[in-house]
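Q: Chain residues, written in single-letter form:
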Amino acid sequence: MKKYFLIPIIVTLLFTVSCDDQLERFPVDTLVEETAFQQVSDLENGLRGAINSINRVSLLGFNSIFADNCKVGADNGGQQIALINQVLNSQGGDQGTWTDRYNAINNFNRLLAAASTITPEADEQDAYDNVLAQSYAFRAYLHFDLLTYYAEDLSNSSSLGVYYQNVVATSGFPARNTVGEVLTEIENDLTLASTLMPSSSTDVNYASQNFITFLRARIALYTGDYTTAISNANTIISSYTLANQAQYASMFAGDGDTTEVIFKFDNVLGNNASIAGNWIFTGTGGNFMEMSNELFAQFEAADVRRTVNVDPSSDPGATPPSLGIGKYPPNADTNYINDYKAMRLSEMYLIRAEAHARKASPDFAAAAADIAAIRTARFGSAQTVPTYTSLNEAITNIKAERRIELCFEGFRYLDIKRFRNILNVGIERISIDCETVPCSLPVSSEKFTFPIPQAEINANPNMVQNPGY
Amino acid sequence: MRTKFSGILTLFLALFVQILFAQQQTVSGTVTDDTGMPLPGATVLIKGTTTGKTTDFDGNYSIKANNGQTLVFSYVGYANQEVKVSSTTINVQLKQGEALEAVTVVAYGGAVNSAKVASAIATVDGSTIEQVPINSLDQVLQGAAAGVNVNTGSGQPGQSATIIIRGRGSLQGDIEPLFVIDGVPVDQDNFRSLNQNDIESLSVLKDAAATAIYGNRGAGGVVIVTTKKGKKGSGINIQYRTLYGVAVKPKTRFEVMNATQFLTYQRDLLPGTQFGDGLSDTQIAAIAGQTNTNWSDVFFQQGTTLSHELSISTGNENTSSYTSAQYYKQEGITLGSDLKRFSFRNNFNGSSESKKFNYGTTLTLNYSVSNFIVDAARGGNTGGQLDNPFLVPYIGLPYLNRFNPDGSLNTFGTIRSGAIDANGNQVNANGFLNTPFLAINTARFNTDQETEFKAVGSISADYNFAKNLTAGGSVGIDYTNIEFLQITTPGSIRGLITPNQGSEIKGSQGESFLRDANFIMNAFLRYQNDITDKLSLSASIYGEYNYSNTQSAGFTAFGLNPALPGSSAGFTAGNTQEGDDTNGDGILDADTELALNYVPGVFSSETELALASLFATLDLDYDGKYGFSGTIRRDKTSRFPKNSTGTFWSVAGRWNIDNEDFMNDVDFISTLKLRASYGVVGNQGVGSRYQGLQTVASDPTSYQLGTGYGLNGLVDEDIKWETTNQLNVGLSFGLWNNRLSGEFDYYNNLTEELFSTNAPLSVAQTGYNTVITNIGSMRNSGVDLQIAYDVLRKSQSNPWSITVRANGNYNKNRVEELPVGFTGNTLRTTEGRQALTWHDVRWAGVDPSNGQPLYYDVNGNITNEYDPNNAVYLDKNFDPTYTGGFGADISYKGFTLNTLFSFAADRWRRNSSLAIIEDASLAGFANQSVSVLNAWTTPGQITDIPRLNFQGRAEIGDRYIEDASFLRLRNVTLSYTVDSKILEKTNIFSGMRVYVQGTNVFTWTKWRGFDPEGNDAGGFFDYPVPRTFSLGFDLNF
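Taken in order, these protein sequences are the chains called A and B. Be aware that the first sequence starts at 144, since it is given in my numbering, and climbs by one per residue. Be aware that the second sequence starts at 3, since it is given in my numbering, and climbs by one per residue.
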């Protein structure tokens, strides 16, 4: 009997010596990178993952709160307080944009690397090409985002831009490329994307040929290439019509209309990227950030944008006025899930107007006509065409129109930055909006360019910080 | 073997002597104790023979012995004495001493003679933690052993503590020791279901010599828990024990405003417009007269503890068993926090007639139900949840009435608290103002429950199958199944926003399980031989396989029918759509995105971990004077596929100086042992179970709710375990017949290849700010001191026994190498400093001229500009430099008083709770500390509270980094054991003990909150550990 007792002991000993296969354990919850991408449908999963990795919330908050479109809300318990105090330091002041954009770019790079190992079947060619085209288009889009926030002067092609990441690497210390180099790389990617983009790729929730054209127009405007801006804007404007009042309202209420949307990030319930969370306790209700009184005063009663932007629960007559931000409403699901309409037709009009006003031989009448076109659509009746007699006048008017048309869509800070040297105006808040927060940010402030995050500076000896940080 | 050999030798010698001299004579005398009182029933034995006699009532004996033979005199509780026969009268005075040879439980070896241990091991006797109403065996170790730092994060009954042995050994990996119960490695963070009265002893293995045998799991130390066994030949013993206790709130070390103070403060001092503004003194007096709620009184309750336990131990010649069953119920100090459990244990041991074959089983089956509050230490909570009950004593507004007009408790809120409007409709019940009612509401109506079944069992056997050779093996399992139940009832305040504000049907119910099974299979072969009379050797080789499997799955359903609580019949179908119906035709408008509010959440997961190991030990002893031990272990783990194999080892030596001949004349030294050890131990508890694989997450709710793939963070696939090189030098001593005894140890541990989840990368280049890899090294060095002194020993003439004991640890942690620069923000880890050192801008008080806060810049100059670049290292660390405990055991006749104090010193935490109630910008909806009444108002005023329009906790610097050192009267017990002579007459009872006990009775600290403990560096409305007073009795039949 006792001899048999030895058997399990010997078995255990043998087992431990020779049980290598017992030690090969693989996760059931996750994939292992080496084997994750096997076919085109895996690449499509990768594409969704990469797009989803783009933060499509925080810059919308930043532009409105850091600049002059917000005031401290009634229910504020410290939320976004640093931002409205215009604290912008290298420790997180950039809202994580640097990390987020480079991470997303990396995801597209990894996707391209994975795609290079897969040969599609004939009937998968379009799907395969689409993945590549999307990857190049978003890579360009994201790098341009970086450029707009981290480069001091987009119109100076030899000034410091950002590093253009188009390889998959796990180590290295890259230096910053110049603005010109980045723009060249962006255009290369856009060209590749345009070539590869299948004709079937027209989904408004993804990159498309129009996405590419739109982006080219925006880049051209920001970098001072007004002719290119106008020609690309013309292309887009000729293929879309501005939303009427009902369509406009519907566009921002439950994402019901896409008449003038060229590209949007499709935020859906269950995925829960909530833009409104920048200003509102979306779970429990209550505004920790509200619309500034100054912005509220810009909306005329007949303007559909007043209805869209001012939350119906607001009480402008109260002391202090209660002004909820209504552009991203709770909707039927009450979860405040709204698409981020990143490219809208009205911006094209505004870009064309600005380009006309700023080009070498300004065409103020064309500029004014574009502004009037937007206002007519928004008021639902023909509006007076403004007359501009100087660049300053034109830009002042375009800036004001951009403010009410594009508020809470991630433009205000960039607009003030772009116009500040023309108008010599920094961020100016009216006194009722700045009782406890700074009232102005001077034109010369370094804060019109984001600091490179300290983590990057610490980890990368070749990274040069922006001046003033 | 050894005994047999020496037995034969002695017999032979005895014969030899007898033949040669044959001078047998009758020796007689008296045996007395050290006070001269006769000892009746003492044993007198001729050494090396079985011939013996016992003394009579007067302590007299007589025995026939030869000249030159040695008589051994022994008596229970007294040290043996040997006298060579040289005359016919030998009177002996026995000295009190250790009745039993002291033993130490070591890894894989069971109990060994303490004198032969060369490693650093602290033993905690199970009796010191029995019936202490702190229900997690890791928590009760606080103050019990040198070098063991125990921190509890919450007062939730059964809450596991964070244990750090000899300093933080890892920055981001596991820092806690491996727990082994009866040979089975168990979950180190879950002891709530186990009955700690079953514990015989705990051995804390502290140095490499003790832990290297656990290979890549031993670096954080090992706690070996041995449970009670029956004693062979002891007959049947039955014991019933019961305990009743009351837990009460700890002392409050801050003061918030009452209604009058707060409303006056809002009106007169606070900028902006709040409730108090515009109220006249009369109005304030009216409100305060009606309502002045001290929310502390509302949220703290007296929690009762109740325990019944029956244990039976049996023992005959070849088998013994220990069986216990316990019912235990403990309530926390706030509503909705409790633990109920039933524990069962059976340990059985047996051996063959020849004693060559031994076997044993241990089994404990436990069932427990825990209810939780919204505890800062639970799940993803931060403490700032508005339904956290421990938030309310700080910020609950005093002018809110806790009662409804009809006198019943208000569980929803009032108009003043923003919950309802004048018509009684719900407005903002989830808002800040409504915090007190929200917390009451959640505690009363919502459920957060865990039901646990835990079994730990093992079977083991060994067989001395050939001369000097023993083979053995064991199989064990630690099995835990936890069922989670979380219900947000439709009628509760949280239910109003669950699944979301707009959903028509409210509430959610989540159920899930977590099943964790850890298996161990072990076999060994041992060779033991006394090579010569003086040299003995023991060598073993082991094979072991550990396998862990964890599975979990669950669901959360939304939209509950209140009439069918707890059943899926009451769940709303997941495909139910909601949306606007503007024309009222019953068909939802198609142009808006319709809401799917009730889609249930589901999940399922499984992870595995396997470890196969071979290891060997060698022990040599020469004449009880010199010893050498060595261990080596080769571990192969599934965790790091590219670096799976590691080898860990240790060597140790000892010198039992007291056994040297030259010590024979040194009477006052009874024990003196020098120990030294060095070894290399690992820590594979880093990251996930698949840490060595670059994984890609598949997210089913990615863009457009499609499946999305994305990297799960960047991993260095060459990652491996952390390695600690441990040096230990120690001295064990016992003076004056071990009246004063103790152990002193110096250690120096260097951890290399530190696991890091955030080794920095250029995100511009790699897309990731950090990579998971091994970097840097860190050293812990320090001393452990453990000492006990018997001031008085009980004897025939002295009814008093007094022992005082103390233990302490000094630990110096230093990060030797960290290429990262630093990690952390204000609590930093950087090269050349202690891990987790505070780094912040120094607060310099308040400028008397204008009330602005003042700071020191990096050069120590005062400035009123807050600049994060002025942050400096503060030489204040989170981990304590000194920890330990001390106490006394005093007994007089049947009375015994046991005390244990525990302390931790030089530890610093950020008191973020206090920062909230001293932040005037929150005073619109949160009560404030009375200290704020001293805020600066007039030029020239000297105060430490800045003017009230100074906003922002963002600019407080180190103002709330507080000394969280503490000294605590951890446990005090006064017991009375009824005289057995009285009990004999009852013919039922053989023993009876009654006691009263206080736990955490007093705490001395500078920390301005409820509880200085807490395992988080920032205190934020933590659940404090309670003070408990209990009464109990033990009955033996």
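These are computed hints drawn from the structure, not numbers from a lab. It cannot be assumed that every hint is accurate.
[As the list claims (entries may be wrong)] Stretches of chain A that chain B covers, calculated by requiring three or more beta carbons in the stretch to come under 8 Å of a beta carbon on chain B:
| # | region |
| --- | --- |
| 1 | 193 to 207 |
| 2 | 215 to 224 |
| 3 | 238 to 246 |
| 4 | 260 to 270 |
| 5 | 276 to 287 |
| 6 | 330 to 337 |
C-beta: ideal position from N, C-alpha, C; glycine also.
Q: For the region 260 to 270 of chain A, does the count of residues with a C-beta closer than 8 Å to a C-beta of chain B reach 3?
A: violated (count 0)
Q: Cut-off 8 Å, C-beta pairs, minimum 3 residues; does the coverage of the region 238 to 246 of chain A by chain B stand?
A: holds (count 4)
Q: Taking a Cβ-to-Cβ distance below 8 Å as contact, does the region 276 to 287 of chain A have at least three residues touching chain B?
A: violated (count 0)
Q: Examine the region 330 to 337 of chain A for residues whose CB is less than 8 Å from any CB of chain B, and state whether their number is three or more.
A: violated (count 0)
Q: Examine the region 215 to 224 of chain A: at least three residues should have C-beta closer than 8 Å to a C-beta of chain B.
A: holds (count 4)
Q: Can you tell me if the region 193 to 207 of chain A counts as covered by chain B, using C-beta to C-beta distances under 8 Å and a minimum of three residues?
A: holds (count 4)
In summary, the numbered hints that this structure violates are 4, 5, 6.
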